[in-house]
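Chains as they are written, first to last, in our numbering: chain A, 1 to 237; chain B, 1 to 237.
Mixed in with the good hints, there may be bad ones.
Any copy, or any two copies together, can satisfy a pair, since identical chains are not distinguished.
Below 35 Å or equal to it, Euclidean Cα-Cα: the simulated DSBU-like pairs (lysine-lysine) are [stated by the list, open to error]:
(1) 220 to 54
(2) 67 to 220
(3) 67 to 223
(4) 223 to 15
Source of the hints: derived by calculation from the structure; they are not laboratory data.
Listed here are the chains, written in short residue letters.
2 protein chains.
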Amino acid sequence: MKKLFIVSTSTIYGKPYLSYLTEEMTSFFEGCQKVTFIPFARPSGISHDEYTAKAAEVFATIGITVKGIHEFDNPLDGLEWGDGFFTGGGSTFVLLNELYNQSLIEPLREAVLAGKPYMGTSAGSNITGMTVSTTNDMPIVYPPSFDALQLIPFNINPHYLDPNPNSTHMGETRETRINEFHIYNDVKVVGLREGSALKVEGDRVSLWGELPARIFEQGKEAKEYNSNSDFQFLMQS
Amino acid sequence: MKKLFIVSTSTIYGKPYLSYLTEEMTSFFEGCQKVTFIPFARPSGISHDEYTAKAAEVFATIGITVKGIHEFDNPLDGLEWGDGFFTGGGSTFVLLNELYNQSLIEPLREAVLAGKPYMGTSAGSNITGMTVSTTNDMPIVYPPSFDALQLIPFNINPHYLDPNPNSTHMGETRETRINEFHIYNDVKVVGLREGSALKVEGDRVSLWGELPARIFEQGKEAKEYNSNSDFQFLMQS
Chain A
1 MKKLFIVSTS
11 TIYGKPYLSY
21 LTEEMTSFFE
31 GCQKVTFIPF
41 ARPSGISHDE
51 YTAKAAEVFA
61 TIGITVKGIH
71 EFDNPLDGLE
81 WGDGFFTGGG
91 STFVLLNELY
101 NQSLIEPLRE
111 AVLAGKPYMG
121 TSAGSNITGM
131 TVSTTNDMPI
141 VYPPSFDALQ
151 LIPFNINPHY
161 LDPNPNSTHM
171 GETRETRINE
181 FHIYNDVKVV
191 GLREGSALKV
201 EGDRVSLWGE
211 LPARIFEQGK
221 EAKEYNSNSD
231 FQFLMQS
Chain B
1 MKKLFIVSTS
11 TIYGKPYLSY
21 LTEEMTSFFE
31 GCQKVTFIPF
41 ARPSGISHDE
51 YTAKAAEVFA
61 TIGITVKGIH
71 EFDNPLDGLE
81 WGDGFFTGGG
91 STFVLLNELY
101 NQSLIEPLRE
111 AVLAGKPYMG
121 TSAGSNITGM
131 TVSTTNDMPI
141 VYPPSFDALQ
151 LIPFNINPHY
161 LDPNPNSTHM
171 GETRETRINE
181 FHIYNDVKVV
191 GLREGSALKV
201 EGDRVSLWGE
211 LPARIFEQGK
221 EAKEYNSNSD
231 FQFLMQS
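Build the full structure now, drawing on both the sequences and the hints.
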């Protein structure tokens, strides 16, 4: 059964890396002794080794061994090695490009569909959707496609930000941008505020965290959904 | 001689569309009776006709007739018709994609190099650079390339925003994103704050407006440049 933990942000303000998530990670990765880390998004250009060490340190506290997929001569062995996967944040474009370059899109997708739990934060969450077209990231490299892992039949907008009513800045708000996406695309978009996540188990999806999610559908007004809401409509593409 | 007016934003807070620019536009488009408007970026999905009407209304106040390039059966006739060009803001990805779809990149570039003045705002400024990789826009459509008009040997980041020291939001700042761009690219980037513009005449470039520009180079600390600074280093690619 497909198992995903799609997290808006790895870090909330003033807290250490992943710390607000470790309790949930313990149950999410239950039964996993080894997790393969996908470090390709490289926030601020951190090396694959450094980024992997940062993730491994946190996973060690919950008794899980982490290796970076770049440590394997053949990355497919890395997908084989892990009982589950964690993809960290950074640049969605660099991440997706590297997955394409190493021909990992399809094998990673298959491994997750076969039941290995997948956790992503930020860019790592973006790529679980249909496309990366609702990322907030700067397009610093040109990937061969915007198509993502398509593990869920909708798109994610992580770090979702509400419009600031006091702003005098004329750049588009997040909501304006997502509405523009819906002029050209009919894929639903879940705006996940920082501190929120989606949990997917098979064809069930639910919201994790205290804050409501904002869901955008083509031709409809955006709506707020809290953790008691029924999210199943998201699973119908 | 190549003449460009590369503007961060069409509109500043609380002012009508283009109003803070009309005086400068009068001298920039001196000698032009007809300007071809490129409406492809379609902010909030406004139609090509509506967007053109909006631009035409402002240009009429300075005695210039505007037609949208979409009004011509053959868009090359639209490039021929205008004594100059104005490309409005909206989605950089939709704009660039449409220029590629209609095979307009090269002919537009040539018309500007041949001396027809080009003014762009926001997305229309982004595309004057080497690539659109430093846009802030959401990648809502997949263009055939990120390569832009390459009328200048550097990139633009319009609507440049300084980090907010009081923010608790964990999404990347603009500066972080541009620094990440420089991990993979060695193209210089000019962060143009709202209310600022670059003026290019042949191989001379200068800053227009009250605010300093922030210039990012690979492997260097970002630096502030005001309108009295020498910008010529930007023209060496």
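Verification of the supplied hints:
Taking identical chains as interchangeable, the C-alpha atoms of residue 220 and residue 54 lie at most 35 Å apart only when they sit on different chains, with a minimum of 26 Å there against 41 Å within one chain. In this assembly of identical chains, the alpha carbons of residue 67 and residue 220 lie at most 35 Å apart only when taken from different copies (33 Å versus 43 Å within one copy). Neither within a single protomer nor between protomers do residue 67 and residue 223 lie at most 35 Å apart by alpha-carbon distance, with minima of 40 Å and 39 Å respectively. For the homomeric pair residue 223 and residue 15, the shortest alpha-carbon distances inside one copy (29 Å) and between copies (31 Å) are both at most 35 Å.
Checked against the numbered hints above, the structure breaks only hint 3 and satisfies the rest.
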